[in-house]
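With these hints in hand, go ahead and build the complete structure from the sequences.
Read off the chains here:
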Amino acid sequence: MQDAPGPCRVVAFVRGWSPDRAGVLELERVRAHLRGLSAELVFESEHGTWLLRPDDEPHPIERLGRTRFRVDDEEDAVFVIEASGAVRFAHCQRTPIAGTLAPALQRATDVMLAQAPLHFTRRAWLTTCVVSGFALVVLSACKQKPSREEPEPAVRAPEAGEVDIVLDVNGQKHPLRIEPRVSLLDALRERLLLTGTKKGCDMGQCGACTVHVAGKRVLSCLTLAVAVQGKPITTIEGVAKMGELHPLQRAFCEHDGMQCGFCTPGQIMSGIAILDEKRATDDDAIREQMSGNICRCGAYPNILAAIKAARGGAS
Amino acid sequence: MKPAIGAPIDRVDAQRKVTGTATYAADTPVTRVAHAVIVTSAIGKGSLRALDIDAARRAPGVLAVLAHGNAPRVKADRTSGGPNERVLQLLQDDWIHYADQPIAVVVADTLERAQGAASLIVPRYETAAVVASLEQSLPTAFEPKAMVHGAPDSSRGSFDIGLAAAKHVVDATYETPNENHNPMEPHATIAVWTGSDRLTLYDATQGIFGVRQRIAEVFGIPKEQVRVIDQFVGGGFGCKGTPWSHVALCAMAAKVVNRPVKLAVTRQQMFSLVGHRPHTSQHIQLGADPEGKLTAIRHAVISETSSFDEFVEPSAMQTRMLYACPNVITTQRLVRVDAPTPTFQRAPGESSGTFAIESAMDELAYKVGIDPIELRLRNYAERDEQENKPFSSKSLRECYQQAAAKFGWNRRTPKPRSMRDGHELVGYGMATATYPANQWPAGARATYRPADGTYLVQAGTQDLGTGTYTIMTQIAADALGVPIERVRFELGDTAFPEAPVSGGSTTASTVGPAVKDACTMLRAKLAALTPADRAVGQAVVAEAKSEVSPERKKFATHAFGADFVEVRIDEDLGMIRVARVVAAFAAGKILNPKTANNQFVGGIVWGIGMALEEDTVRDRRTGRVVTRDLADYHVPVHADVPAIDVIQVDEVDTVVNSLGTKGIGEIGITGITAAIANAVFHATGTRVRALPITLDKIA
Amino acid sequence: MNAFSYVRPTSEAEALRALAEPGAVALAGGTTLVDLMRLDVMRPARVVDLGGLPLDRIDAKTGGISIGALASNTAVADHPEIRARFPVLAEAIDAGASGQIRNMASVGGNLLQRTRCSYFRDLASPCNKRSPGAGCAAFDGYTRMHAVVGGSQNCIAVNPSDMCVALLALDAVVRIKSATGERAIPMSELHVTPDDRPNIETTLKPGELITAVELRDAPFAKRSRYVKVRDRASFAFALASAAVALDIEGTAIKAARVALGGVATKPWREQRVEQALVGKRPTQQTFDAAAKLALADAAPRPDNAFKVALARRVIARALALAGGVS
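Chains as they are written, first to last, in numbering that gives the first Met the number 0: chain A, 0 to 314; chain B, 0 to 698; chain C, 0 to 325.
Simulated from the structure, these hints should not be mistaken for lab results.
One should not assume that every hint holds.
To be verified - Pairs of lysine-lysine residues, derived as BS3-like cross-links and limited to a Cα-Cα distance of at most 27 Å, are as follows:
#1 K588/B / K1/B
#2 K176/C / K277/A
#3 K405/B / K222/B
#4 K524/B / K1/B
#5 K204/C / K176/C
#6 K405/B / K307/A
#7 K144/B / K74/B
#8 K277/A / K215/A
#9 K144/B / K307/A
#10 K230/A / K215/A
#11 K60/C / K696/B
#12 K176/C / K60/C
As the list claims (entries may be wrong) - Distance windows between CB atoms, simulated:
#13 L26/A / R485/B: 18 to 26 Å
#14 Q171/A / Q152/C: 52 to 60 Å
#15 G180/C / W94/B: 54 to 62 Å
#16 G132/C / G160/A: 26 to 34 Å
In this text, all values refer to a predicted model and were calculated from it rather than measured experimentally.
Built from N, CA and C at the ideal position, the CB exists for glycine as well.
Rendered as structure tokens:
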């Protein structure tokens with residue numbers, strides 16, 4: 000077992016940033032990257048300096064100061080610094096980075112995983128600072144500032160057997176480079192981070208992965224992503240419109256049509272389909288039509304009640 | 000203000016669940032996480048002679064292949080021997096104890112490549128003969144070292160004298176098969192190391208602190224350096240109650256490849272890697288006087304465990320206190336089979352045990368010639384005769400009465416095969432449900448946040464779908480004297496005050512009082528603030544640790560209930576369906592009738608599965624599970640589940656804990672299997688004593 | 000799942016060429032293929048996605064209905080002409096799988112649906128179907144779900160399709176194309192019993208593609224029913240099922256069709272039962288007596304012996320429903 004390096008720290012100077020100003024989605028993406036980097040983030044703006052660990056609330060800390068990092072006031076910058084003090088990644092730009100911190104971190108992750116030479120300025124530079132007890136000592140000296148060039152997007156060369164496809168999910172087109180053996184389910188969950196669709200069995204026996212393809216409910220675990228290019232795909236994330244829950248989603252809340260909630264996205268995708276197709280004619284028909292969606296918690300009577308309520312509301 | 004406790008409010012996490020934004024362990028976003036898959040043994044016993052991993056290691060995208068021989072040594076794969084922990088299989092030796100035991104872990108940059116590479120691994124085995132079933136090892140039955148609760152044996156009075164004095168005797172053996180929990184969310188772990196000695200695990204678990212402790216031991220690091228997070232658990236039912244091998248293997252893989260790793264157990268692996276309810280064989284003897292008064296009870300349980308570890312399915316426990324009877328013997332014995340170690344599964348003991356004892360009581364009712372409710376009333380236990388303690392509360396009479404009335408039990412004609420409707424034989428059956436009310440110590444923290452006037456309440460507990468988020472919010476709101484909208488309850492993080500595993504129907508009774516105490520303390524602190532303090536606008540924090548009151552020890556604490564079932568059986572084709580269920584439960588204070596009803600109903604649905612469908616079949620030659628997916632291992636689907644009418648019987652209990660709750664997660668699955676079996680007997684005249692009752696058993 | 004190359008032809012000719020390549024398999028709904036690939040039971044080098052082919056039409060004409068091989072099970076079962084003219088087919092499809100799977104599964108794919116034998120699906124168990132000569136783990140194993148007829152020591156795996164049982168009872172015709180031509184065979188000639196070659200399941204030759212299934216109107220087709228018995232009320236494979244069709248003229252049965260599912264290694268026609276019905280009055284007594292002739296050659300294993308009597312009762316019930324005897 001090789002010894003992992005100590006905790007990594009990402010330092011970001013981002014004008015205009017504060018935890019309250021960052022969108023929820025942006026923060027979630029930042030957290031995802033921090034997990035990927037096994038790192039914590041220190042970010043600083045005119046509003047203050049915060050430490051963000053992937054699973055904690057942002058925590059205010061003492062000011063770092065840009066000058067120590069040779070970042071001037073008209074710049075935003077991101078550094079990835081190992082515990083040893085080695086700077087693994089450095090990036091600096093004049094245009095504000097705020098909206099793109101997540102992509103910048105994504106690139107940092109890609110670069111670090113590529114095992115490529117350290118990606119920062121043409122030569123290493125010297126800086127010393129203390130970030131809330133974290134000693135950063137970069138030994139090799141250099142007067143030069145970090146690179147101003149955009150870090151090249153880490154475009155993976157296509158590997159044998161990979162194909163480029165575009166998936167049309169919830170009205171958005173997503174280009175993907177994947178192997179043909181990737182299921183629609185894994186494409187959604189692992190590539191597009193649409194994790195609302197669940198993997199309960201991965202063999203068509205539970206219904207947790209139900210999505211709509213071209214308006215029909217299907218099992219995304221038995222669907223190859225490559226085979227549904229160009230077809231409109233709707234997942235649980237695309238059901239609520241403009242923040243307004245679908246009537247069946249509301250009915251599930253009111254009738255407590257769930258316990259653990261793991262099968263719920265699939266139940267709702269199935270339920271919406273049978274309502275749209277007018278198959279929910281009576282209790283027994285609903286039970287039969289919904290039998291491809293297993294709820295191990297046994298919330299079936301409440302799911303039935305929710306579908307009936309939504310049917311009533313719709314008609 | 001109307002109290003939040005007792006109100007049928009909507010689940011506070013419902014919106015996240017219906018929009019797909021509830022984050023289960025495997026949903027945790029981790030950029031470019033690597034994927035690990037476990038390769039398992041084909042044989043059921045023996046050793047690995049060789050394991051060719053070269054092709055897998057060379058496959059595209061593969062970062063590492065771990066196996067015996069190259070896997071890092073761990074500090075502790077064995078347990079301290081406690082009944083709450085399982086021995087792990089962490090690639091430390093070449094011995095194979097059971098079929099589908101982990102023999103390698105493949106890590107790659109994508110899931111597909113990890114899976115593809117896993118199929119390239121070629122093991123060679125030295126095969127040993129497998130003991131696959133209880134019957135084969137009966138002669139070697141032995142007394143277990145330890146049980147989670149109580150002693151293996153109990154005895155009061157003289158069974159032999161009681162039986163000799165009996166007019167009516169029932170002497171029968173009941174069997175329950177191996178069963179698997181199969182929560183919809185397969186176990187999954189994401190391991191993120193920061194440095195060489197700090198680990199964050201996003202793990203599907205019912206007990207984050209248990210995982211923390213065990214993983215810290217395995218890797219020899221202080222438990223404070225392990226953080227376990229699980230905000231949403233996709234069902235547990237016991238299999239997620241203890242950490243299993245895959246959790247440690249995932250952390251091991253992450254350490255070896257020096258990057259975060261995700262490992263999701265496959266549905267097929269759910270049948271071998273995460274425990275099961277063990278096969279039981281239960282010999283029951285009942286003696287009764289001419290009026291049906293019990294003179295003797297013997298309940299002798301034999302259950303399976305693995306060749307290397309002990310787990311006891313405590314099926315005899317309820318028999319010690321369920322009925323008034325002067326002469327009672329119960330025993331728990333184990334037999335070893337070449338299978339994975341079993342574990343807790345919803346109402347461990349009481350679910351399988353009530354099937355036996357409540358079936359036997361039905362048989363006795365027929366022998367005595369009285370109504371089965373009347374038989375139970377004649378033997379009503381007014382106190383726990385084994386412990387010689389009064390019940391803290393017991394409302395079983397009310398349960399019988401209310402459920403029987405709503406069900407229309409008086410329409411039943413007792414003679415088997417006496418009720419029919421066209422092609423269908425109709426059967427009515429009833430049984431008693433029971434589950435102990437336990438409480439453990441737990442911690443909770445409450446924080447007032449002046450910035451927005453909200454209260455953040457945190458405890459390191461879990462919500463398995465049981466409604467923890469919701470009921471804790473209600474408890475906190477009442478203790479703080481604020482509407483629930485101003486309270487946010489957080490759980491599932493070992494950064495919060497410690498709470499125990501969510502199991503044994505204890506979460507409400509354990510974490511609830513801690514939340515109540517923390518919020519009461521916070522309220523007092525806030526009341527004591529001076530205007531100057533308030534002006535500072537600092538957060539105010541209160542932390543509490545609840546303890547179990549000594550008063551509790553003076554009482555026997557149990558929830559009770561009664562199940563009434565109508566089955567309909569196609570006389571020609573044999574298909575059995577549960578047509579309706581009416582059940583009444585008295586389980587102390589009900590915190591939220593809406594989520595509670597769902598829990599009770601869910602238990603009953605489990606009972607339908609256990610009674611009619613569920614059976615983990617192992618091949619007797621190899622020990623491999625044959626029914627290894629959800630097409631072969633049947634759990635109930637929508638079409639199996641009729642209208643289920645649950646009566647929540649009011650019950651005030653001032654002893655059990657400060658909230659008066661007894662726990663509701665398990666009682667639903669107790670009694671119901673016997674009620675169904677009794678209804679099948681009433682419909683057909685065939686007494687099926689081995690679950691599941693499939694149509695071939697009544698042909 | 001192994002890595003494979005993927006092609007999506009847009010014409011039949013292109014598809015037939017692609018299918019003629021060694022190691023190629025056709026992908027339609029994916030409910031069998033993707034499942035078995037994930038289990039590594041099937042490891043094709045090349046997947047030919049038929050989704051781009053215009054083979055999903057259902058043509059109702061006088062005299063019969065032609066169903067394109069890529070028509071979904073749902074489309075077939077929902078089709079009003081099929082429900083009216085061949086009710087047993089709609090009932091059989093509706094009794095199978097789940098709504099989602101019926102939306103995905105194609106008629107052609109369902110004709111080639113592979114067994115659910117647990118040993119076949121578990122690579123750790125020997126299986127002659129997977130690797131000829133390896134032996135059959137099922138024969139002396141857990142056999143509750145297995146075939147009671149049409150098997151041998153080499154294989155007792157059940158054909159799991161519901162749809163095929165109905166098509167067999169309806170005397171359906173299967174249209175097949177290859178690079179060299181086209182042929183049509185009756186349903187009864189599509190599937191074969193395992194005998195000593197369990198890996199061969201149909202008479203389809205390598206490179207051949209099922210393009211359509213044709214149903215011809217017959218007096219018995221309208222009076223046809225499907226009854227399925229399973230371990231739970233829905234989403235389960237048959238323990239025994241029967242597709243029956245009766246032509247009743249006046250007070251006598253003029254013709255009958257009886258086929259069984261869930262009990263045999265292929266969809267199983269019961270001509271002895273059919274013959275016993277002809278000329279008789281459609282009474283419960285007639286049906287019970289005829290049904291008793293079914294599975295005369297059954298060779299059940301210890302765990303599945305119950306299927307023999309069960310299948311007979313299923314036939315009797317289906318006949319009673321078709322014959323209007325309550």
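Now for the hints, and whether the structure bears them out:
{"no.": "1", "hint": "K588/B / K1/B", "result": "holds, 16 Å"}
{"no.": "2", "hint": "K176/C / K277/A", "result": "violated, 37 Å"}
{"no.": "3", "hint": "K405/B / K222/B", "result": "violated, 53 Å"}
{"no.": "4", "hint": "K524/B / K1/B", "result": "holds, 23 Å"}
{"no.": "5", "hint": "K204/C / K176/C", "result": "holds, 10 Å"}
{"no.": "6", "hint": "K405/B / K307/A", "result": "holds, 24 Å"}
{"no.": "7", "hint": "K144/B / K74/B", "result": "holds, 24 Å"}
{"no.": "8", "hint": "K277/A / K215/A", "result": "holds, 13 Å"}
{"no.": "9", "hint": "K144/B / K307/A", "result": "violated, 53 Å"}
{"no.": "10", "hint": "K230/A / K215/A", "result": "holds, 11 Å"}
{"no.": "11", "hint": "K60/C / K696/B", "result": "violated, 48 Å"}
{"no.": "12", "hint": "K176/C / K60/C", "result": "holds, 22 Å"}
{"no.": "13", "hint": "L26/A / R485/B: 18 to 26 Å", "result": "holds, 23 Å"}
{"no.": "14", "hint": "Q171/A / Q152/C: 52 to 60 Å", "result": "holds, 56 Å"}
{"no.": "15", "hint": "G180/C / W94/B: 54 to 62 Å", "result": "holds, 59 Å"}
{"no.": "16", "hint": "G132/C / G160/A: 26 to 34 Å", "result": "holds, 32 Å"}
Violated hints, listed in ascending order, are 2, 3, 9 and 11; each of the other numbered hints is respected by the structure.
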